[in-house]
Amino acid sequence: MILARVDGVIVSTVCHPSMTGCRTIICQPVDESGRAEGAPVLALDPLSAGQHQRVLISTDGSAPRAYVRDPKSPLRNMILAIVDEPEKETA
Amino acid sequence: MRLGHVIGRVTLSKQDPAFRGARFLLVQPFASAQFAGAPMTPLAPGSSLVIYDNLGAGAGHIVGFTEGAEASVPFDQPTPVDAYNAAIIDELFYNPPSR
Chain R
1 MILARVDGVI VSTVCHPSMT GCRTIICQPV DESGRAEGAP VLALDPLSAG QHQRVLISTD
61 GSAPRAYVRD PKSPLRNMIL AIVDEPEKET A
Chain A
92 MRLGHVIGRV TLSKQDPAFR GARFLLVQPF ASAQFAGAPM TPLAPGSSLV IYDNLGAGAG
152 HIVGFTEGAE ASVPFDQPTP VDAYNAAIID ELFYNPPSR
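Protein chains in written order, with my numbering: chain R, 1 to 91; chain A, 92 to 190.
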């Protein structure tokens, strides 16, 4: 599972049948202080996360396969939770 | 899933029967700059890869592809694929925070 920030959304007409009707968003993985880490990724968004909200992404395919009810779905990333406030231990 | 620009096609003579009717595309994965609208050339840093495609994407398209074990999940029998084109992107709205 990775921490990420919602940075955008995509529109696709020609896609795998399992993705039809599912909101797919662009997520920027971030570190514990909110700094961007690496290139953005796509993730299925069943929770309708808002722009720039911090989210928790599962990178295992079993969660989206269960959500879209298609055992042959190639999807991999899915939003599991919206983060209220990440807790950070101060030294 | 990641996004990438289709920059070419790979043609095969002998292939696994599971690949019939599909094509392989050469894809340059997006870096952060391409999400923000940077042009396709010069190519984004990072190596290009070959993805399996049965949706009909062509050179110049933006595609969303899955990598790893999930790439071979859509096939009926165990198939050696590790990047699968899941979506052809029509529009992309990218708006990172400015600070």
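Don't read these hints as lab results, they were simulated from the structure.
Among the hints, erroneous ones may be present.
[As the list claims (entries may be wrong)] Label pairs and their in silico Cβ distance ranges:
id	chain 1	residue 1	chain 2	residue 2	range
1	R	ARG69	A	ASP107	21 to 31 angstroms
2	R	GLN53	A	GLN106	36 to 46 angstroms
3	A	PHE184	R	VAL14	17 to 27 angstroms
[As the list claims (entries may be wrong)] Covered, in the sense of this in silico footprint (three residues per stretch, anywhere, with C-beta under 8 angstroms from a C-beta of chain R), are these stretches of chain A:
id	segment
4	94-108
5	121-133
6	153-163
Glycine is no exception: its CB is placed at the ideal position from the N, C-alpha and C atoms.
Going through the hints against the structure:
The beta-carbon spacing between ARG69 of chain R and ASP107 of chain A, approximately 29 angstroms, falls within the hinted interval of 21 to 31 angstroms. In this structure the supplied range 36 to 46 angstroms holds for GLN53 of chain R paired with GLN106 of chain A, their Cβ-Cβ distance being about 44 angstroms. PHE184 of chain A and VAL14 of chain R have their C-beta atoms about 18 angstroms apart, which keeps the hinted 17 to 27 angstroms range intact. Check result for the segment 94-108 of chain A against chain R: violated, 1 residues qualifying (beta carbon to beta carbon below 8 angstroms, three or more required).
Counting residues of the segment 121-133 of chain A whose C-beta sits closer than 8 angstroms to any C-beta of chain R gives 4, which meets the bar of three, so the coverage hint holds. With 7 residues bearing a CB less than 8 angstroms from a CB of chain R, the segment 153-163 of chain A meets the requirement of three and the coverage assertion stands.
The structure fails to meet hint 4 from the earlier list, while all remaining hints are met.
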